[in-house]
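Asker: Each chain is listed here by its residues.
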Amino acid sequence: MRMNPRSTMGVLLALALVCVLSVSAVGAKAPVTLTFWPSSNPQEIEFAKIIVKAWNDSHPDIQVKMEPLPASRSTEEVLLAAIAAGTTPDICANIYPGAISQYIAGKGLYPHDTLPGFYDFVYARTPKDVVDAFTYKDGHVYQIPWKGNPIMLAYNVKLLRANGIDTKSLATYSGFLAAAERMVKDLDGDGRPDQWLYAPTVDVTWWQRLFDFYTLYIGASGGKTLLSAAGKVDFENDAAVQVFTFLQTIFKKGLCPKGAMIGDAFLNGKIAATITGPWSVPYYDQNAPAGFEYDFVPIPVPDGMRGPVITFGDPKNIAIFATSKHPLEAWEFVKFIMSRENDLLWLEITSQPPYRRDLAKDPMFAGYFKENPLMAKFVEQGVYTRGVDDSKYLIEIFDAISKQYDLCCVQGKKTPKIAVRDAAQAVRDILAGW
Amino acid sequence: MLGRLAEQYRTSDKAGYVMVLPYILHFLLFTAYPLVFAFVLVFNRWDIVTPMEFIGIRNIQRLLRDATFWTAVINTLRFLASHIPLQIVLSLLIAVILNGPIKLRSFFRGAFFLPFVISGAVVTILWQQLYSTDAGILNLILNRIGMQPVPWLTDPAWAIYSIAIMATWKNMGFYIVLFLAGLQNVPHELYEAASIDGANRSQQFWKITLPLLQPVMLLVVILSTIGGFSLFIEPFVMTGGGPAESTLSVVLYLYKQAFQFLRMGYAATIGFALAIMIFVVTFIQRKLLDTDQPA
Amino acid sequence: MRTLTKALGYILLTVAALTFIYPFLWMASASLKPENEIGTLALISRNFSLRGYSAVFKQIPIGRALFNSGLVSITSTTSVLVFSSMVGYALARLRFLGRDSIFNLVLLTMMIPGQLLLIPMYILVVRLGWTDSYRALIIPAMISNMGIIVFRQFFKSLPQDLVDAARIDGCSDYRILFQIFWPLSKPVLITVGIITFIGSWNEVLWPLIVIRKWNMMTMPQMVTLFHVGGLANAQVAAEMAAAMMLAFPVIVAYLFFQRYFIESLALSGIKG
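Chains as they are written, first to last, in this note's numbering: chain A, 2 to 435; chain B, 16 to 310; chain C, 5 to 276.
In case anyone wonders, no lab produced these hints; they're calculated from the structure. Honestly, I wouldn't trust all of these hints.
[As the list claims (entries may be wrong)] For lysine to aspartate or glutamate, the following EDC-like pairs were computed, each having C-alpha atoms within a straight-line distance of at most 16 Å:
1) A:K54 x A:E342
2) A:K159 x A:D359
3) A:K225 x A:E237
4) A:K225 x A:D114
5) A:K186 x B:D149
6) C:K62 x A:D390
7) A:K362 x A:E372
8) A:K414 x B:D149
9) C:K217 x A:D239
10) A:K129 x A:D114
11) A:K233 x A:D390
12) A:K225 x A:D235
13) A:K253 x A:E182
14) A:K418 x A:D239
15) A:K371 x A:E381
16) A:K259 x A:E372
17) A:K259 x A:D204
18) A:K378 x A:D359
19) A:K326 x A:E47
20) A:K225 x A:D390
21) A:K259 x B:D62
22) A:K108 x B:D170
23) A:K253 x B:D62
24) A:K259 x B:D170
Quantities reported herein were computed from a predicted structural model and do not represent experimental measurements.
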C-alpha cells in the first residue's frame, strides 16, 4: 500500500494541529473540578442542585459537578464498586455509617480530622457526643456527621379516629396489637379484609430490617445496638425475643396483608400506620390524596418500659474520599453544605433534621418550626437515637437476621426464642471470620 | 518432528493465522484468564478493596457445610423437576397439534414464540403483578370462578413452582419450534406403513414418533437443564430469594456473596460447584437419553 | 371422530394462544390506566391515562438507556458477524497449524457456564478501568462461539470451485470471505445476527455488575432497577410503562421478522 505525498502532508499537518491545540490547553489554568454524589432521593437531589449552582456561581476557581448516586439494590454496593474501580467522587453526601468499616478497610475515606479547622467547625455545629459516636477506633474521623432521620410511627389521623383508636394505645406492644385487631375489617364484603393497622414488609433484603426489627429492637432494649463495644454479639436477649414475638403475632393473627400491595397502602388508606422517617414528609405532602391528615408518634415498645423511647437514627454523613485530588477545596465545599443557611434550606426541602446543636432553640430555624410543627417532633426524638455498629460484616449480619425474621415472623415456622438464638449463632459465625 | 512442523507451516495458508487471531486474543482475555483467576480465587479470601488472603481449602470446606448453598441446590432441583416435564409435555402436545392440518399455523406459532424473545426482566415484572396474592389478576380470576386465592409467591411451598410455571410459559415457544422441526423430519412413509399394518394413531405416536424424537428430546432436556441452573433474574426481581429462601437459586446466591457481602473467593467456589453440577447432570442425561451415540 | 379431535385441537390451541397473548395485553392496558384501576380485569379503562409513561420519563433516563442498548447491541452484533465469520472461514477453508485444536477449543469453551467466569471477568473489567463504559459491554461480546461453529458449518458446505476461481483471479482470503461468501450466507448471517442481537438486548446480569452510572445503563437493566430498587415506589402503572417500552422494540422487530426469528432460533437449537 503506497501513500501519495499529498495525503502524507495532510496527516502531518493534522498531527501538528493536534499537538499545538493540546499544548495550549495544558498551558491554560484549569479550575479545580470536584465531583459530588448526593443520594438518589428526589428532594436531596433538588437541594444538591441549588447549592451546587450557588457555589459554582460564587467560586469560579472551584467548580463542583454533581452526579446523583445510581440506585441499586443497595447504595453500599455502588460505593464499594466505585472504590474498587477507582471511580470514586471527591465528596459523597450519602455515607451510611453502617458500611463504614469496609470503606476504611479499603482506605476509601479521608481522615477529616486532619483538615484545617476541622474540630472548630464541627464542634460549633454538632454536639460533641455525636462527633464521638462517629469517630473510628483509630481516633480518626472518617465521616462528618450531617443529618439523621429519627424513625417514628406515622399514622393516618382520620382513619384512626374513625375506628375509635387513641394514639396513646399505640405506645405499647399490647396496645398496638389490640388496635391492630380492631382495625382489620372487610369493607367491601368480598370476604377478605381491606383495612389494617400496620403492614410489616415481607421483603427479605437486608436493609429492610433497619426499619422494622432494628428500630423496634433499639426501642425495646432501651438503646442497645446489635454488637457490644468489643464487637461481640449483644442482641441475644429478651428485647430481641419480644420484638420477634411482636412481629410474629402480627403475621400469625392475620393483622396485616400477605404479600405486596398495589400502590402506597398508607396513602391509599389501606393501612393506618407505618414506621418511617422524616424523609416521608415531603413525599406525603406531594402525593397524598386531598384531605389526608397524618402525624407522628414514637414507635411502640414492650409493655412496662419507662423513659423516653429510643429509636433508630438512620444517620447519613458526608465524606471526602481518600482518592480526592483536592481535599482542601472539597473541605470548603463541605463546610458550605453544612453552613447554617444551607442547613435551613436542607431542612425546608427535605424535612430531614441536620445534626445541628440547639436546632430547636436557634432563632434562624424558629420560623421553620413554627410553620412545620410536625418537624419539632423529630427534633425532640432526635436526641434519643442510635446508629448502627461499626462492623465490616454489617450487611451479612442483617442478612442473617432477615433470614430468621422471614422464618419466624413472616412464615411462623420458628419460635422467637429459637430464631433469636439462631440469628445470634449465625452472626457469631460471621464475626469469627470464617 | 520439528522439521515436519516447519514444513506444515511453510505450506499452510498464512491468512489463517491472522484470521483466528481475534478469537485467540478474545479467548485468552475473556475465557482463559478468568478461568485461571477463578480457580485461584477459590483458595483465597478477597473483598476487592483489601489484599487477597490465602486460606487454602476453607472455602470448599465451608461450601460443603453451607446449609444455604444446599438449599439453593435443592431449590434448583425442585425447579428442574417441575419445569422440565411440564415443558416437554406441553410443548410436545402443542407441537403435535400444530403439526397436523391446522390453519393459521404461523399465527399460533408466532403467539407462542412471543414471550421467548421478550426480556426476562419484562416477563418477571409482568408476572409478579399477575401473581400478587391480594391484587393480582390470577387470583382475581380464581375468585370469580369461586376458587380460593393461591399464595403464588408468598408461600414457600408454592413459590418455586410459580417461577417454574412462568419459565415454562416464557420458553415454550422455543421448544415448540424445536419439536415441530423434529416432527417434520419424521418420514411420512413410516406412518403410512404403520397404518397399513393396522396401528392406530396412539400406537404410531408412541412407537414411531417418540423414538424418532429422541435427539430433539435430549436437546430440550439439556437446554432446559442448563437454563434451570442459570436461574437468576426471576428470583432476583420477584422474590429476592424468599419466601423462606425457597426461591434462592445458586446463581442468585453467588451474586449475593459476591456483590453484597464481597466474598469473592467464596463466590468463585460456588461458581465452580455450579459448573461441576451442570456437567455431571448433563452427562447423566446424555447417558440415559442418547441412544445412538457413544458418550 | 377426526373432526372432534381437530376441533379439540383448535380449542386447545386458541386457549393456549390466549394465555400467551393476554398477559401482554394486560401489561399494555395497565400501563395506560390510573393506579387504582389496575387490579381490575377490564382491559380498556375509561380513565385512559399516560401518567405511567410520564412518571417513567421523569424519574429515569430511559431514552438514554434505549440509546445505550441500541448502540451496544448493534455494535456487538456487527462485530460478531464480522469476526465469527472470519474465524469460521479460516477453520472451514484454510489449512494451518493448530486449526483442529482451535476448533475443539471453541467447542469446549461453549460448555463452560458463564456464571463461573462472572467474578473474574468483573475484576478484569475493573482492572482495565472499563467499568461504566461501553467497552465493558461490547468487547466481551465481540466474538461468539456459537457463531463460529455455525459459520464454519455453513462455509464447509460451499463449493470449492468458487474459491478456486476467486484465487485464480488473485483475490485475498478477506475478499473471498466478504465479497463472495457473505452474499451467499444471507440466512446464516440473519440467523446469527438475530440471535446475537436479542441476546445482547435482553442481557441484564452482566450490565448489572459492570455498570453503575444511570446514564450508562442498558434498557433492561434500568427497567429492572427501576422495579427492584424501590424507585418506582409501587407505582404499578409506571413499572408496566417501563416494561412496555423495553418490550416494544423487540415486539415490533418480532412482528416484522417473525419468520426469521423462529427459523433462526430453531436452526441454532438443532445445530447446538
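Asker: If you check each hint against the structure, which ones fail?
Answerer: When the structure is compared with the hints, numbers 2, 4, 6, 8, 9, 16, 19, 21, 22 and 23 turn out to be violated.
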